[in-house]
Structures are given as C-alpha cells and as structure tokens.
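Colleague: Now that you have both chains on their own, put them together as the hints suggest.
Protein sequence lines correspond, in order, to chains A and B.
Residue numbers -6 to 432, in this note's numbering, belong to the letters of the first sequence in order.
Residue numbers 273 to 575, in this note's numbering, belong to the letters of the second sequence in order.
Hints in this document: simulated from the structure, not taken from any laboratory.
The model shown is predicted, which means the values in this text are computed figures rather than measured ones.
Hints are not guaranteed to be accurate.
As a list, the in silico SDA-like pairs of lysine to any residue whose alpha-carbon atoms are at most 20 Å apart [said to hold, decoys possible]:
(1) B:534 - A:431
(2) A:429 - B:423
(3) B:334 - A:394
(4) A:99 - B:321
(5) A:411 - A:167
(6) A:411 - A:243
(7) A:80 - B:533
(8) A:410 - B:423
(9) A:429 - B:333
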Amino acid sequence: MFKKGMLFSLIAVMLLLSGCAGFQVGSDKGAALEAGAEGKVVVDFWSFWGSEIRRPVIEKIIEDFNNSQDEIVVKHTFVPWGDIWTKELASIAAGDPPDVVINDIKATALRGQKKQAMNLSQFLEKDDISERFYPELWEATLYEGDSYGVPFNTDTRILYYNKEAFKEVGLDPEKPPTTWAELEEYAAKLDKKNGDTYDRLGFYPLFGINYDVWMLNAAGQNVVDNKGNVEVDTDINRQTLDWLLGWKERYGDNVINSYKSQIDSQQSNPFFTGKLAMFVNTPTFNTQIRDYAPELDFGVAMLPESEPGNGHTSWGGGFVAEIPEGSSHPKEAWEFIKYLTDQDAQEYWAVKNYDNVANIKAAEATAKNAEMSEKDRIVYQMAVENMPNTLLTPTPLQAPDFPTLINPEIDNVMLGKKTPTKALQDAQAAVERLVKENQ
Amino acid sequence: MKKRKLHFKRQEGLVGYIFILPWIIGFLIFTAGPLLFSLGASFTNYNITSQMDFIGIRNYEKLLMDDQLFWTSLYNTLYYVAFSVPLTTIGAIFLSVLLNQDVPGLRFFRTIYYLPAVLSGVGVYLLWMQLLDPGTGLINMMLGWVGIDGPNWLFDPEWTKPSLILMKLWSVGGGMLLYLASLQGVPKSLYEAAEIDGASTWQQFRYITIPMITPVIFFDVVTSLIGGFQIFQEAYVMTNGGGGPVNSLLFYNYYMWNKAFKVFDMGYAMAMSWVLFLIVFVLTMINLKLAPRWVHYEGEAKK
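Just chain B, with the same shape it has in the complex (with noise of 0.2 Å):
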C-alpha cells in the first residue's frame, strides 16, 4: 500500500513536469539561451555578422575604465532611478488615499487619474514635449500666470531629466490601483479599535494604513527600480535620437543601444548589459534582505 502511494505521487509528479513543460522549454529557449549567450557573447568582439573573437575581458576592462561616456549615462540612469522612484511612489500613495476617500464624483474621479496610465508611449512624449515647450508650451504658460518664469525644461541640460520624473508622475495612475486596492483590504475594524483607542487621522494612517500596505509598496518599489534603470523610449523619442543637450539624457540603455545598433559593438553592448544586471540585482537583493525589517504580511508572526 505505502508502495503504491509513493508511486502514486511520483507520478503525479512526472505529469506535473509535462505540464509545465511548455514554459520551461520557452524559459530555455527564449531566455535561458539568449542570457547565457549574451554572458558568453560580452568576452568576445561579436558584431552580429562577421566576427565574434574572444577578446577576453578587454569589454569590461574599456568599459570601465576607457568609455568616456559610459560614466555619465551611469550617472544620468542612477540621477533619473534616485528621483523617479521614490517621487512615483509618494505620489501613488497620496493620490490612492485620496482617492480612498467617500466622496461624491469618486469615479469620476479615479478614472481621471487612472486614465495617463492607460495612455502611453511615443504619442505621450509627443505631446509632453508640446507642454514643455519653453515658449509656447502649457506649463510655463501656467507658470507664468503666478509669475514664475519657467525653464527651458528639454533645452536646458539641468532641467531635462527632472522634465522626464515629471512626465513619469504624470502616470502614477498604474501604481494608484494597485494601493487603492491593497487600501480596500485594510480590515475597518481596526481603524474602528484605533479610534475607540483616541487614535488621530495621522496616527491611524501612521500606524495602521501604512504598514498594511507595506507589502504592495516593496512590490511596487522593486518593480519600478527594475523598470527605471530600463528607461529607453522616453529618450530616444524626445531628443528625436539624440543624446538631449549636453548628453543630459543619455540614459544607459540608449546608450547601449546606440552601440549595438549604430556602431555594430554587439559584443560591447552586451558587456554593458551584465554591468547593467549586475547593478539592479545587488540593488534587488538589498531590497529583499532590507524587506523584512519594514513589510508586514497579515497575519506574519513577528519575531
């Protein structure tokens, strides 16, 4: 009988296995493959069509040592990463809790703010890049009634990146559901025991909101570090292939495009890559070591 179950369960196993067979040859084949060959790829002196010679770690050592420019799209990526990140996150949960609120038009409401995240890519940069406009754009029009005179925004090379965080806070939208959902599923009776208890607004938020949605902040703060170091499109579109002025908005990807695809250093671009992956994962890793002191998964036992 015991034998019988044991093979029972090994072949539960085995089906399981076939199951999911699909997936595992996709992540083979799709992205296992390519990701190793792309490490093997970044030793040599690839170009796609007609050499790829080990070259050792002379990528790297250029790199990191001789690019002239590899330094400043670093520093562009971590300014626009150290920024965006923290400001998107804020704002999403501000505009969440407000949203959370009973009101009248409440709807009305959260579609408005929800609907920047429906709409995206190049059309958005199109018209962001009518609104900031210098001369003739909204926002320094409207800046202009209250007396500010507004910068050159994309023209000048300090204030472009901090354009581009704007743009991004313009979309919280997406994060916005995620916390409005996550903010439905605080249980009331705390917030009822808090109040009996003479909690204030901002203790209860504090106290009670806060760690409650812990969870859905370091998903969201992990998600969108990965996705900031990824910034491409914004760039490319609005410097119309360019570098923006004074190469202020050479972000790392663009960069790394730009030798892949301009100059044919697949092999380089490759190198450039892994540095890439390098720098998101021990920041990914930090963040999930860092976890534990600060998310709050219902019902975890506290140590």
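Pulled out of the complex, with its shape left as it was, chain A reads as follows (with noise of 0.2 Å):
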C-alpha cells in the first residue's frame, strides 16, 4: 500500500519539477531562435500595425532592412493596439522584453524617467540623427536632455474647405479663411438654413477637433508645460470658451448632435455629401474623401489665427521606435530604428500609407512623389508646410494625468452648467494641486 503511494507521490513531483522546466523556456526559446537565423542576432520588433494596409509596408521595410545585413534579422511580432504597452511594460518588469517596440510620443519623455525605455544617449553620441526630424517631435523624445525614442510617424491638424460651397455664395475658392473672425463671417455666409434644420452647415468647431486644440491655438503653449507650470486659467482660453459657446448657441445643440453622429459614423461624414462646408482634421482625412467622395471639390488650409499675426498653431501627436530597458541586443535594435527612420523607409511608409512622417526630407520628398494623385500631393504638401506650425502636447512629468482633471470643467461649460470663468479656475486649482501632490 504504501508503496504505492510512494509511486503516486513520485510520479506528482516529477510532473511537477517538468512543468517548472517550463518557466526557462523563454531562454531556450530566444537561443533556438538565433541558431535558426544562421548565427544572426534576431532583433525582436512589436507593432500595433497589423491592418490589411499598413502590415505589408512595415513588413517590406523589414525585409528590406534584413537583405541588406549581414549580422541581424528583424522578426516582427503583430501586438494589437489595446494590448502592446501593457504587454511591453509586463515583458520589461519580467526582464525579458522586445528589442524596439512603436510607441506613443506623447509619454516618451515619461517613460524615460521610469526607466522602460533606454537611454539612447550613447549611440546618439557616435551617430546623431536628430536633425533627420522635425524639431518638435524631436523635443518630446526628451528627458533631462537625452532622448528615449525615435520619432517616427506624425500628424497635424488642417482645415478642410469644399470650393463648390465658396463658389455658390460668393467666396473666392482659392482664399479660405485665415482668421477667427474669418471663419465666422464666412459660415455665416454658407449657412444653409431650413426650417429647424440646416442643408448646409458652414463650420462647427469642435467637429473633427477638441475645445484643447483651440486653446492650443489662440495660446500657442500648452495648458501645462514640461515644468509644471499651469496656464489654465488665463484670459486667452476664457476667450476661446467664449468663443466656442457663441458657435453652440449659433447652432443649437439639435443641429449638432445630429451632425455629430453623422460624422462618427465616417461613411455619411456630412462633409463628403457637401452639408458641412469647412471642417477640421488631420491630413489622412483625405484618404477617406478619397474612398467615400472622390468627386469633391475641396481644398486645404491651415487653422485660421485667432487674431491677425497670432500664428496658425496646430495640434500634433504620432509615434516613436523606443528600445525597452532590458532589451538583449540594443545595438542591433538601434541599427534597425536607424534604418526605420531613414529618408528611404520613411518615404516608402508615407507614400503606401499616405501617413505624415517624422522625417523631413523624407516628407518632403513625398509630397513630390509621382506616385501619389496631385489632390494627394496637394493635401500633403500642406500637411508638410503645416508641420512647424504643430504643437505637440507631451505628457507633463509632474502631472501626466491632468486631463482628467481639466476635461470635466470644460464639459461643464459646454453644457452649460459651469461658466468658463468658474470652470477655468477650478481647474487651474485642481491641475495645480495635482501638480503639487507629484512633487
């Protein structure tokens, strides 16, 4: 009997200690792996890019990348986009993370400081391709100085106006407007009225954009800047909530919200069937006008200035090439972002994709290219002229969570129910004292 129950308990551990193996198979795994690539070095890249339209361009790079070296191959692992960063973070507490890993700008700087991503100091001193980017995306890649991420893709914001709509009442379809005032006076002229509702809308602000891109754009600086300092409550934005709520009361919450469905629901976007007359977003936009009313008369603009010579501030976020603390080939890692954020690559990515990329030339040279239509050049070109004009909002180190705190007040205000004094203040003490608490 008891023999037997030696046996059983025998047989219990060994089962046991075979599963424990198989914790150390990650090891094996990353050896079998590199014997398998013929003595390369793998270099392990996640993206959110797994879409029937971005997954064959970033793959062709890749392959590009891998014929052209002798020493590393690029293995790239599709992680979608709800799971990547909460994987990355899981895979670099666990100490066995990817080697290059895509992204957001906005936080960079923020996960330098917590040590995810790497310092890219030392392969920045013996080959510096800072000057490849545009020096805004650039910034943000900063902490205390040194960079943790290669910018790699951007956006901006533009207006989007349809000529057809300016030709019917009058306006001169090559001069869109460049002015707050501007703007007004001239959706007040495309206004369509009928009865309660409108067969033409000439502008609505918060379409296609938030209240904070406004802000943005009458201020010229972010509400929080990367030292902590808050700029919440100050006349310059109380002007644009003002500013804003004259467009709601102009139009009636009906009115909007009835377009505003439409618009999330992109096929009816009311801007593609000409009832929306102007109408804001990013430079990509044009793909679908492409694809859901390609006989649309239409043009590009930047963002009218609040006031004459204030400057056509825009907004901007996009994506960076980190490496993650712990990554086990950083020096291959950086060959691989070297060549990912090189003209050709870049080119390559903006053309297929018709994405705005972080590096100029290669934007540039893009919005020449022959094989793009010339409405796409055109929309590209602004795009590209638009870039230093764009400000991007880098999550602030001593309050990374303070729209949760702003947003509130200023819904507050759009419904009514705070005014924007009232609500600018409180959020000014509320965003200070977060401030405060992380110091």
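Modeller: Structure follows, in structure tokens:
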C-alpha cells in the first residue's frame, strides 16, 4: 500500500518538476531562434500595425532591412493596439522585453523617467540622427536632455473646405479663412438654413477636434508645460471658451448632435455630401474623401489664427520607435531604428500608407512623389507646410493625468452648467494641486 | 486492526492532497502570491520598472484624503452597482417566470432572450453606442414615435450611467437561465397543494416560487454585486478611453487602470485595489450574514 503511495507522489513530483522546466523555456527559445537564423542576431520588433494596409508596408521595410544585413535579422510581432503597451510593460518587468517597440510619442519622457525605455544618448553620441526630424517631435522624446525614442510618424490638424460651396455663395475658392473672425463670417455665408435644421452648415469648431486644440491655437503653448507651470486660468483660454460657446448657441444642440453622429459614422460624413462646408481634421482624412467622395472639390488650409499675426498653431501627435530597458540586443535594435527612420523607409511608408512621417526630407519628398495623385500631393504638401506650426502636447511629468481634471470642467462649460471663468479657476486649482502632489 | 485503519486513512488523505496539488500550487503561485505582493507593494511607490521604496501608508492617505477623483470614481461605481444589481436581478426573475409558462413557441422565445448573453464584448458596446445615439439612434427614434423627446444618453452626464444600466438589462439572459433551471426544480406538488388550499396565483408566486428559488437569487446577487464593482470595459470602450462627460463614467477600476498603466503609479493603483477589496469584502460579509434570514434551502430545518 505504502509503496503505491510513494509511487504516486514520485510521479506527482516529477510532473511538477517537468512543469517547472517550462518556466525556463523563454531563454531557450531565444537561443533557438538565433541558431535558426544562421548565427544572426534576432531583433524582436513589436508594432500594432496589423491592418491589411499597414502590415505589408512595414513587413516590406523589414525585409529590405534584413536583406541589407549580414549580422541582424528583424522579426516582426504584431500586437493589437489595446494590448501592446501593457504587454511591453509586463515584459520589461519580467526582464525579457522585445528589442524595438512602437510607442506613443507623448509619454516618451515619462517612460524615460520611469526607466521603461532605454536612454539612447550612447548611440546618438556616435551617430547623431536628431537633425532628421521635425524639432518639435525630437523635443518630445527628451527627458533631462537625453532622448528615449526616435520619432517615426506624426500628424497635424488642417482645415478642409468645400470649394464648390465657396463659389456658390460668392467666396473666392482660393482664399480660405485665415482668422477666427473670417471663419465666422464665411460660415455665416455658407449656412443654409431650412426651418429648424440646416441643409448646409458653414462650420462648427468642435467637429473633428476638441476644445484643447483651439486653446492651443489661441495661446500658442500647452496648458501645462514640461516644468509643471499651469496656464489654465488665462484670459486667452476664457476668450476661447466664450468663442466656442458662441458657436454652440448659434447652431443649437439638436443640429450639432445630429451632425456629430453623422461625422462619427464616417461614411456619411456631411463634409462628403456638401452638407458641411468646412471641417478640421488630420491630413489622412484625405484618404476617406478619396474613398467615399472622390468627386468632391475641396481645398485645404492651415487652421485660422485667433487674431491676425497670432500664428496658425495646430496640434499633432505621433509615434516613436524605442528600445525597452533590458533589451538583449540594443546595438542591433539601434541599427534597425536608424533604418526605419531614414529617408527611404520613411518615404516608402509615407507614400504607401498616406501617412505623415517624422523625417523631414522624406516628408518633403513624399509631397512631390509621382506615385500619388495630384490631390493627394496637395494635401500632403499642406501637411508638410503645417508642421512648423504644429505643437505636440507631451505628457507633463508633474501632472501626467491632468486631462482627467480639466476635461470635466470644460464639459460643464459646454453643457452650460458652469461659466468659463469659474470652470477655468477650478481646473487651474485642481491641476496645481496635482502638480504639488507629484513633487 | 485499528492501527492499520488509521494508517490507511492517513494515506488516503495524502493521496487526496497529491491529487489537488496542482490546484494548490496554482493558487499559491498565481493567486495568493500576487495578492500578497500587491498588498506589500501598496505601501511602496512601486512603478513596475525603476522604483519600489517603502513609503508607509502614504498611498492610502493620499487616496482617502487628497485624491480629487477617488470619490468621483467610487460614487460612479456605487451608483452603477446600486441600480444595476437589483434591476438585473428582478429583470432576470421576471423574464424567467414568463418563459416558464406553457405557451407555444417557448423554445423560440427562450433562445431570443438568451441570445444577448451569448453576444458580448466590444461589439455589443459599439452597437449600443449607435442605438443610443441622440440624433439617429434607434432608441430615441422609437421614443419619438410615442412623442417622447429622448435624452442625450451618452453625452449627458445625468444619463450616461442609466445608459449603461439599460445596456446591462438587455443581457439579463445569463441570469435568466439560472432562474429558469431552478424554477423547473420547484415541485409541482407544492402548487397543487396550494391550489387546493385556494391560494391565488400571486400568493403561489410569493410564498412558493420565490422562497424556493432564494438560493439562486442569493448566488446571483452576490456574484453580480462583485461583478458590478469591477465594471471597466464598458466605460473604456464607450468613452474612447476618456471618463465620459464630466467624468460621469469614470469608474473605480477604470481610474485604477489609468493610475497603473497611464501614469505608472502601480503602488497607488494597488492601494486602490485593496480599498475596493475591503469594500466588496464587507458587503459580501453582510450578504452572507443576512442570508439565513431570507434564503431557504430545500429540506433545511427552520430554527
């Protein structure tokens, strides 16, 4: 009897031990892969580009890189958008991260501070590639003067307007509005009211973008800068909110809501059907027009300035390629990042995906690329010209989650439950408190 | 002889433990371990990658005294639980009683009502976002037919949480199935006896049906209470990663997730999870204490 019991426990223990061995597979697997690639170093690259448009493009870039290398082979892993960064974080904590990851440019400095991303200055000392990129993008990757990610792609916000509608109401289709005052004046002319509803809406500032872009546009600076200075409760912001409220009163909730839901549903965007004459969006919105309203006669312009001479400040974001802390092949990863952000790969990405890229030369070359239609080139050219006006909103280290404090206050303003003055005072106090807590 | 028997019993016990060993080890490594780790780390400034210094109860202090959104998120969550748990329970009971009647096409109806419980996740949320659209959504359109000017649902802070509760009510089919099973188990003889005694339908329902299914009601209330406190996905998807208008959909777990994975303040998030654990623990304890007063088990002798 007893012997049988012993046998049982022996088997159980053996099973257990073999189970434990499973935990070590991670490192074995890495070694096996390297051997499989004929002695080459494998760079594990994570991106969220899994769509049928993006995936072939990035994989072609990787293939070209691999063909050009004797020592390195890049292996692409697609991780869905909703998982990629939490998975990355877990793998960094576990000490077995990938070697290159595409991440949000806004919080690059924060990840540098938390030692999630590797300090790239050791590589940049040898080959400084910072000049390749738009300065505003490069700036966003810096924490205490060192870079923690290399800009890959970006975006900006521009004004689309319907040329036919302009002609119809006697406006010059080559002269889009350049100031807020003109924007209002043009919109009033373009409005076509029909009883309680509109057959055509001139413009509404909160379609396509949010209040924060207009605050940025008017103030020319972020509400919280990278030193933790809070500039929420300012005259400019109050005037901006008053201006936005003016638009809301003019059209009324019902009209705005019904237009908004059409915009959200994409295909039936009223801008495609001429029911909305002017609309702010990213340059890539052009691809939607191309797909859903190829006949539309439209033009593009920079965002109007709040006052003449105040600047056409716009807002953008983007993604960086970074090396997670603890990567086992940082040198090889750097080689790949250099290739990924160099002119050829960037231009290929830009043309094939119709996307704005961080590399200045590649962006400028794309705007002239003969592979694209004339319309595509015009919009792309506008995006390139708009980049110097484009500000990023990097996550401030002192108040990384400040939007959760400001947004509800502004919501209350737009719902008519708080005056702009009171809301901005409250938001200012709340964000200052957050900054103080984090110091 | 006696000695041998004892020995055998001990052996049997040993074998039993070996059989459940995988589960015990799994529990220790994957549940108890992380649980204790998070308790420990909630007293530190842990940020996953670069720091883990002991800071005493500062996380808890900050959470309860200083945090400007902790109470908002807790209020939102309590509001949701307070309405969704009773409503879904009553809804599920009501539905299961209806579907327990002998009418033609019963199987068809059961399938239809259970279907939403099969569909789940992001697709359903997106569908509801369209249904609830104030301008073009089906719900406001139907309200319009009977002359009601529908609310702005997901855009009006007063209506965002009711919107979610409405959505939850749509998928009571899961609970319905449990009740249906237990309704089938109520002995017919009880109803026959009651009928002979002249009990009305309502009395039969109130004094026979309800008491007989109380164990399932109890189970449903406890699990949906715990589940209700964990609401996260709905808010995350339906607000596109914001907190909804005026932070009205900033639920506790969602706020915690933000602190952990957006701000990387993992120690703080772990402290938050322990506060939630305590709240849920106390509520479940109260539930268990109250249970003997209203839950009837078949064949149980009443004291």
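Colleague: Work down the list of hints and note, for each, if the structure agrees.
Modeller: Results for each hint:
1. B:534 - A:431: holds, 15 Å
2. A:429 - B:423: Not OK: residue 429 (chain A) and residue 423 (chain B) at ~39 Å, beyond 20 Å, violated.
3. B:334 - A:394: OK: residue 334 (chain B) and residue 394 (chain A) at ~16 Å, within 20 Å.
4. A:99 - B:321: holds, 19 Å
5. A:411 - A:167: The given pair, whose Cα atoms are some 40 Å apart, is violated under the 20 Å limit.
6. A:411 - A:243: holds, 19 Å
7. A:80 - B:533: Satisfied, since the Cα-Cα distance of roughly 11 Å is no more than 20 Å.
8. A:410 - B:423: Holds, because 17 Å separates the two Cα atoms, which is no more than 20 Å.
9. A:429 - B:333: holds, 15 Å
Hints 2 and 5 from the list above are not met by this structure, while the remaining hints are.
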